[in-house]
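Student: First to last, the sequence lines map onto chains A and B.
Under my numbering, the letters of the first sequence match residues 25 to 374, in that order.
Under my numbering, the letters of the second sequence match residues 25 to 374, in that order.
These are calculated hints, taken from the structure and not from any lab test.
None of these values were measured; they are calculated from a predicted model.
A couple of the hints might just be wrong.
Same chains, same names: a pair is fine if it fits in one copy or spans any two.
Stated by the list, open to error - DSS-like, lysine-lysine: derived pairs with alpha carbons at most 30 Å apart:
1. Lys132 x Lys371
2. Lys371 x Lys103
3. Lys262 x Lys132
4. Lys167 x Lys103
5. Lys218 x Lys167
6. Lys229 x Lys371
7. Lys229 x Lys132
8. Lys262 x Lys371
There are 2 protein chains.
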Amino acid sequence: MRIAQVAPLAESVPPRLYGGTERVASWLTEELVRQGHRVTLFASGDSETSAELVACAPQGLRLAGIRDHTASHLAMLAKVRERQESFDIIHFHLDLLQHAMFSDLTHKCVTTLHGRLDLPDFLPVYEAFPRMPLISISDGQRKPMPSTANWLATVHHGLGPGLCPFDPRGGDYLAFLGRITPEKRPDRAIEIAKRAGMRLRVAAKVDAVDEEYFRSQIEPLLDHPLIEFIGEIDEAQKGPFLGGARALLFPIDWPEPFGLVMIEAMSAGTPVIAWRNGSVPEILGDGVSGIIVDSIAEAISACERSAAIDRFRVRAHFEQHFTAERMAGDYLVAFDRLLSSPQGYTKAAE
Amino acid sequence: MRIAQVAPLAESVPPRLYGGTERVASWLTEELVRQGHRVTLFASGDSETSAELVACAPQGLRLAGIRDHTASHLAMLAKVRERQESFDIIHFHLDLLQHAMFSDLTHKCVTTLHGRLDLPDFLPVYEAFPRMPLISISDGQRKPMPSTANWLATVHHGLGPGLCPFDPRGGDYLAFLGRITPEKRPDRAIEIAKRAGMRLRVAAKVDAVDEEYFRSQIEPLLDHPLIEFIGEIDEAQKGPFLGGARALLFPIDWPEPFGLVMIEAMSAGTPVIAWRNGSVPEILGDGVSGIIVDSIAEAISACERSAAIDRFRVRAHFEQHFTAERMAGDYLVAFDRLLSSPQGYTKAAE
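Make the full structure from the sequences, and use the hints.
Tutor: The structure is reproduced here in structure tokens:
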């Protein structure tokens with residue numbers, strides 16, 4: 025199949041540092057190429073891919089210091105549009121701008137929505153352009169969207185090969201990995217560890233916007249013999265950090281549409297203790313690859329029970345559900361489904 | 025002529041409080057209606073106009089708490105697009121989003137760029153869609169744009185009738201009116217007044233983003249018998265505030281594409297002392313409606329000389345160049361010029 029992958033320009037594909045969407049776009053692109061498809065990747069010029077790369081900005085916009093990304097994305101979409109006849113499928117990883125420019129090509133366009141959809145700001149575009157086929161990254165992500173949204177499929181993310189290798193032994197500490205931000209509830213993680221009497225290692229970056237929250241709410245909690253704050257870690261450190269843990273704590277307080285760190289932990293064989301919120305119940309096999317909780321007390325009890333979870337079963341759950349190969353397969357099924365409606369796919373017609 | 029006016033949705037038209045673009049769009053719309061044109065205004069639903077209003081959001085987005093305005097603007101543009109056949113001219117007051125969606129209708133579309141154009145963020149869109157006819161609000165505004173930009177005209181803003189009425193007497197103080205922000209250089213205004221030994225009244229709002237600048241750089245300068253900080257004032261207070269002044273200080277430190285406050289002061293008969301920057305030399309008649317300066321020393325001397333400027337001549341300069349009637353006339357000439365090229369206007373072809 026001739027597939028265009030249209031990635032955000034905020035970061036390179038894959039990103040130098042952070043950038044969940046660009047990481048997933050990279051894993052998907054590489055896997056589709058590996059499976060023999062002819063893939064063209066529209067992304068920043070410092071991207072690295074085995075697909076054909078169409079450079080749509082010299083480098084990722086964020087690290088280039090570009091603050092308003094709209095113009096660069098519109099210019100990229102003009103390039104996609106120019107070459108549209110050479111693609112069977114045009115797959116967007118952007119939220120908004122393509123709906124207007126490709127409203128006459130929805131029979132071969134599809135958009136994966138990567139972000140949260142519970143902000144009213146974005147709704148007008150989905151109401152104004154109801155024919156664009158949409159893919160959610162979890163069923164939970166769909167909840168706030170209007171009933172008219174043209175959902176084609178849910179495709180859970182999958183991890184590229186070689187990342188977060190399986191560690192059959194694990195270790196004795198709890199892990200917290202992510203940004204320090206109120207929604208991720210690092211304070212809950214710290215309370216759980218202290219009350220469970222277990223070590224907690226916190227690997228987290230602090231964005232400028234969260235500086236004040238970190239200083240006033242989190243830093244005072246760190247001065248405790250069980251708590252170790254190790255700051256930001258890179259991709260290479262992630263595997264050992266997650267693989268060496270007894271369990272990952274994911275005590276989120278918001279409907280996270282997909283928590284990549286959960287499948288990274290599972291890849292390493294480390295079970296996840298997560299709050300019942302957003303996509304969590306879809307991603308965790310409760311009792312198999314982790315434990316879903318609703319309170320601090322349940323989380324403390326889960327920490328104790330987590331030692332009994334078989335790390336080989338956690339890894340098997342990951343391999344069955346969260347590899348890039350499975351993700352690419354799901355996308356190909358969705359693409360086929362779309363192409364079998366040459367007049368354009370509409371969920372309402374199904 | 026059947027004219028669509030497409031205004032930003034950030035504020036109502038006219039705006040409740042701030043919003044330079046929405047104010048100008050309102051003055052232009054009302055004047056075009058007054059001259060007998062059939063005008064359709066695409067704007068937020070709480071706008072007030074004698075044109076036909078197409079409500080594209082329940083109320084201005086900023087006061088409604090919507091932070092990302094992209095989706096709402098795309099939905100508005102879809103409405104414009106739907107009705108495009110009923111217009112001879114579609115006149116956009118947005119910077120970016122319409123270029124992609126109307127790239128096949130540039131023979132009857134025109135965009136007034138209201139903002140600064142010296143940020144690299146926006147350039148990709150003007151390079152990707154080079155056929156959209158553009159109108160600058162000053163010649164100075166054009167400088168940073170690529171030579172390929174399809175300029176149709178420069179149209180200076182004009183003020184709606186009844187605002188900032190002429191005050192033949194003026195008063196004894198210097199006035200500063202605007203936001204407290206480093207680019208507007210309120211510190212310069214204060215230094216000039218102190219060294220000239222004249223009273224300065226500062227009518228200015230402080231945005232959240234400028235709080236720190238205000239507290240650390242400006243507030244310490246206010247404790248002086250010649251300086252009076254009166255905070256934010258509304259539209260009704262603006263006329264008396266400007267009309268009662270000896271001169272307006274406009275000591276800007278950036279290439280402001282058009283300083284509305286300069287023509288508001290001129291409307292009241294008050295001369296303007298302004299730094300040579302951006303659009304200033306186009307707007308001020310040097311020695312007629314104000315004095316253009318390059319240094320603090322020149323500004324101090326200008327304060328003394330400003331008493332000799334004839335307020336009737338300032339007002340006459342305003343009436344000749346900066347009324348909404350003159351602005352609408354210029355726009356109609358530009359529209360005619362566009363429509364005389366049915367294949368689409370290109371500056372290069374002239």
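Student: Now tell me, hint by hint, if it's right for this structure.
Tutor: Results for each hint:
When the C-alpha separation of Lys132 and Lys371 is checked against a cutoff of 30 Å, the pair qualifies only within one copy, where the shortest distance is 15 Å, while the shortest distance between copies is 37 Å. For the identical chains of this complex, Lys371 and Lys103 are neighbours both inside a copy (29 Å) and across copies (24 Å), given an alpha-carbon limit of 30 Å. With identical chains, the CA atoms of Lys262 and Lys132 are never at most 30 Å apart, being 37 Å at best within one copy and 55 Å at best between copies. Within a single copy, Lys167 and Lys103 get their C-alpha atoms only as close as 33 Å, which misses the 30 Å cut-off; across copies the closest is 27 Å, which meets it.
Taking identical chains as interchangeable, the C-alpha atoms of Lys218 and Lys167 are never at most 30 Å apart, the minima being 35 Å within one chain and 61 Å between chains. When the C-alpha separation of Lys229 and Lys371 is checked against a cutoff of 30 Å, the pair qualifies neither within a copy, at 40 Å, nor between copies, at 50 Å. Proximity of Lys229 to Lys132 under the C-alpha cut-off of 30 Å is found in neither arrangement, the shortest distances being 39 Å within a copy and 50 Å between copies. In this assembly of identical chains, the alpha carbons of Lys262 and Lys371 never lie at most 30 Å apart, being 40 Å within a copy and 55 Å across copies at closest.
Going through the hint list in order, the structure does not satisfy hints 3, 5, 6, 7 and 8.
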